[in-house]
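Fit the two chains together into the complex; they arrive one by one in their own frames, and the hints show the way.
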Amino acid sequence: MVLGFALVLAAWHLMTAVLEVPMFKKITPPAVVLREWFKPDPFFGVSVYTPLYYSHIAYSVYRAYTAFALAVLLGVPLGILIGWNRTFREFTFPLVETLRPIPPLAWVPLAILMLPGTEPPVIFVTFIAAFFATVLNTLLGVQSIDRSYFRAAECLGFTRRDILVHVVVPGAMPHVFIGLQIAMGLSWVALVAGEMIAGKRGLGYMIYDAYSMVQIPTIIMGMLTLGLLGYFSSALVRYVGRRLMAWRAF
Amino acid sequence: MRLAAWSRGLRRAATSAALWRGLAGIGLFLVVWEAASLVKLPFLRHVPAPHIVLQSVVETIQTSAYWSAVYISAKRVAMGYVIGVLLGVPIGLAFGVSRLFKDTFFPVFETLRPIPPLAWVPLSILFWPTMEMTVVSVIFLGSFFTVVINVLGGVETLDIRYVRAAVSMGATSWQVFWKVVVPATSPSIFIGAAIAMGLTWEIVVAAEMVSSIGSGQTGLGAMMWQAYVGGVIPLIITAMISIGLAGLLFSALIWQIGAYATRWRRVT
Numbered sequence: 034m035v036l037g038f039a040l041v042l043a044a045w046h047l048m049t050a051v052l053e054v055p056m057f058k059k060i061t062p063p064a065v066v067l068r069e070w071f072k073p074d075p076f077f078g079v080s081v082y083t084p085l086y087y088s089h090i091a092y093s094v095y096r097a098y099t100a101f102a103l104a105v106l107l108g109v110p111l112g113i114l115i116g117w118n119r120t121f122r123e124f125t126f127p128l129v130e131t132l133r134p135i136p137p138l139a140w141v142p143l144a145i146l147m148l149p150g151t152e153p154p155v156i157f158v159t160f161i162a163a164f165f166a167t168v169l170n171t172l173l174g175v176q177s178i179d180r181s182y183f184r185a186a187e188c189l190g191f192t193r194r195d196i197l198v199h200v201v202v203p204g205a206m207p208h209v210f211i212g213l214q215i216a217m218g219l220s221w222v223a224l225v226a227g228e229m230i231a232g233k234r235g236l237g238y239m240i241y242d243a244y245s246m247v248q249i250p251t252i253i254m255g256m257l258t259l260g261l262l263g264y265f266s267s268a269l270v271r272y273v274g275r276r277l278m279a280w281r282a283f
Numbered sequence: 086m087r088l089a090a091w092s093r094g095l096r097r098a099a100t101s102a103a104l105w106r107g108l109a110g111i112g113l114f115l116v117v118w119e120a121a122s123l124v125k126l127p128f129l130r131h132v133p134a135p136h137i138v139l140q141s142v143v144e145t146i147q148t149s150a151y152w153s154a155v156y157i158s159a160k161r162v163a164m165g166y167v168i169g170v171l172l173g174v175p176i177g178l179a180f181g182v183s184r185l186f187k188d189t190f191f192p193v194f195e196t197l198r199p200i201p202p203l204a205w206v207p208l209s210i211l212f213w214p215t216m217e218m219t220v221v222s223v224i225f226l227g228s229f230f231t232v233v234i235n236v237l238g239g240v241e242t243l244d245i246r247y248v249r250a251a252v253s254m255g256a257t258s259w260q261v262f263w264k265v266v267v268p269a270t271s272p273s274i275f276i277g278a279a280i281a282m283g284l285t286w287e288i289v290v291a292a293e294m295v296s297s298i299g300s301g302q303t304g305l306g307a308m309m310w311q312a313y314v315g316g317v318i319p320l321i322i323t324a325m326i327s328i329g330l331a332g333l334l335f336s337a338l339i340w341q342i343g344a345y346a347t348r349w350r351r352v353t
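First to last, the protein sequences are chains A and B.
Numbering-wise (our numbering), the first sequence opens with residue 34 and increments by one.
Numbering-wise (our numbering), the second sequence opens with residue 86 and increments by one.
In case anyone wonders, no lab produced these hints; they're calculated from the structure.
Zero decoy hints are in this set.
Covered by chain A, per the in silico footprint, the following chain B stretches (three or more residues, Cβ under 8 Å): (1) 101 to 111; (2) 183 to 195; (3) 204 to 217; (4) 304 to 315; (5) 323 to 334.
From the three backbone atoms N, C-alpha and C, an ideal C-beta is built for every residue, glycine too.
Here chain B stands alone, though its shape is the one from the complex (with noise of 0.2 Å):
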């Protein structure tokens, strides 16, 4: 029953025009790429051609190098990520029912709110005993922001007829925060969540490679860094690959989770 249901899935797949023009307009950037590197364009002289990046990455991933480094990379995601989410969905909500809470403590949050994330990485290098900490420390204040900033527009587009529902009909102020404050701002602690995941790879990488001297572990930034200073330009481009693909998965980990949590949703 059910592997009939895929197998119609697949066979609608295959036979739809958009899958095949998608496919195409991959394909054509690739000849594209592939001509341009052929006929020498002079920007692109450093830069492989498609056939050898393959190559580059078919053997990139058979080394143990390769997988430490993507290891790495993603527990310093993870770590930063989830201290981030931790930290930053109470203190959202705190922001969003606490009256007092907010006003001594937003334009503090606003003014530091601003300041790019890799702008952190010196004084954090100077501040943290371990090149570690400083790169999760800096992956923390990516995902912080971004979560908290969500979580507050949540609990601030919460319609309030729901409070005042649930207030006449006797809930005390601790029921109205986990009957309606916190289900009615899930969907949006979710999207920050995933916007912030989105960031931590862009940041992992920029920590690593501007700190990437010094530093005990290898990974994925410090790797594509090794590879532009040592001129092995396929090596880069598998790196971006690599760390393009990582966000996706993460990100999509992150999607389903938030899917499955706040499946009350759902309309079907």
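So here's chain A without its partners, still in its complex pose (with noise of 0.2 Å):
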């Protein structure tokens, strides 16, 4: 592990600093990249000691987690609905596909004319990434359950209330999370997009900044930071599913 990492430091230390590589003669040598993040007073005005460089990171974890939480509170039900209710499902199911392809992405341009301000836009694309992949993995996990669970819920004189709440839910727990899992990486994926294109503030915003005066160590910094909040959030996700799934041995 650490020779790994000791490997690729070298070698983008060798291409930048030693050899000079032509393609590489842009970017920095990892060494300068690390002093500026931890510089008290950084050369571009972000670093560890800077409030801006908070801010940033306050606002894409906001939005992230707002997008996200809309995401489950809506997709997740509705997944239920279409996996539980035949009938439902052949009204909207198609619909859900229809709109499912349309990348999220893609949604910028109309998003920013629909909502007003400049927090609902980035929210609303980072929500539809985010939302689709809950609602078709929990749809997966309806119908993962085993159809015998449903027979014998029926046999033991279940209402079809009593189902939704005692096989349906719990069933379809273990599929949610790993859509949850996906929803969260997607959600990072569409919020950086977001950012650099439509938001005022935020680490897509703070790159993409950075990259129009020039700053490059602010650039791989934003990086830095981005995948490490995307990886503590997907362990979020996955510790609060091993939570709230005890009874499954991990």
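So, in structure tokens, the structure goes:
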């Protein structure tokens, strides 16, 4: 593990600082990025000591989590309804499948036109990304429940509502959490793009802004910060899933 | 014979309640949309009604600029995607079969993987000499990470007894790799490839939007962005629909290839 990181960092250093390969001439060496990242008075204005860095992070986290929470609140019930009620599925699922292939990012211009202000469009685009992944995986979860559970519940005199609460919802849970993990990853992807195009703050904007001012260490800082945040968000979803599904031995 | 089966299938489809209910759902959506723009709902005030969009679709698909945009985006997707799969499959397999390789490079891979593809755009623009290479490389990154992680997952769920059986019958490790690991992983390879294809159209749109300034060739994403800047809203929606359809077609193609390549899995 240490060797792998060392090799990659060494290659990066070698390409940029020592050999100065033409393609890499605009990329800064790792040491420069690190120095900028942890410097109390950063050359380009953003480092772990500046409030601006944390304000970008706070904006991105706030948008990603708001959109994710909306997607969970709307997507999970919708997925369960589509999976549980056949009539509902036949009426709504084709519509979902018609809208789903449109990439979230393709919604950006329309979202800017439809929604007021700067926050709602970015959150909406992020929401779209997370929403379809959540719905589809929840539906898959309901459909993967063993038919004999339904029969057993019916034999024991469960009403349709009891089945929904005691069979469908817990049975779909494992797939729901797989879906949520995917949704979390996708929402960060969409968020960054949304912020680059439409945002006024946030890490995506920070990267784009740094790009237009040719502040390369800041670009790389932003990328690595996003990587860390994305990683911890997915880990958080996994952790919550494990706590909620304690009956499953992981 | 085949024709009869065909017409029977068609008749069954036309009389199935599910089909009509599905169409009713979509129809209802369009009616609500049309009505909403008719009564001028505030948040839809910039959004044209469906019949105007339809008109725009019909007009747009007759222009050569549209087809060249489709071609340019499709070419970028295809290039980035093919490179991503060609590199991703061997690397995923290598992670799966070599402990040393995995221990050395997997942590690095996992550090880079959560960085959203779009965050690579600015650095790619600086790195690559042309815009074309930038867009292709970002698409490559998006599909590469997805393919690797799915292939690795496939190798890891491989039943160890297959390997043991092959080894006890005297297979060399080369044979184990080609006759056991690769065929057993091929379903995961194709699932990874299909998921990656779903991502590529999203990435091409975003990459073209972000880097549309100064880009010589106009893909669908750039076309959409220009429509937005120019305020031609029906064209935005036309572009959205086109991108959705293109993504759907490309994904269907990958599923078909996957189903054919792993046809031994079919039950019948």
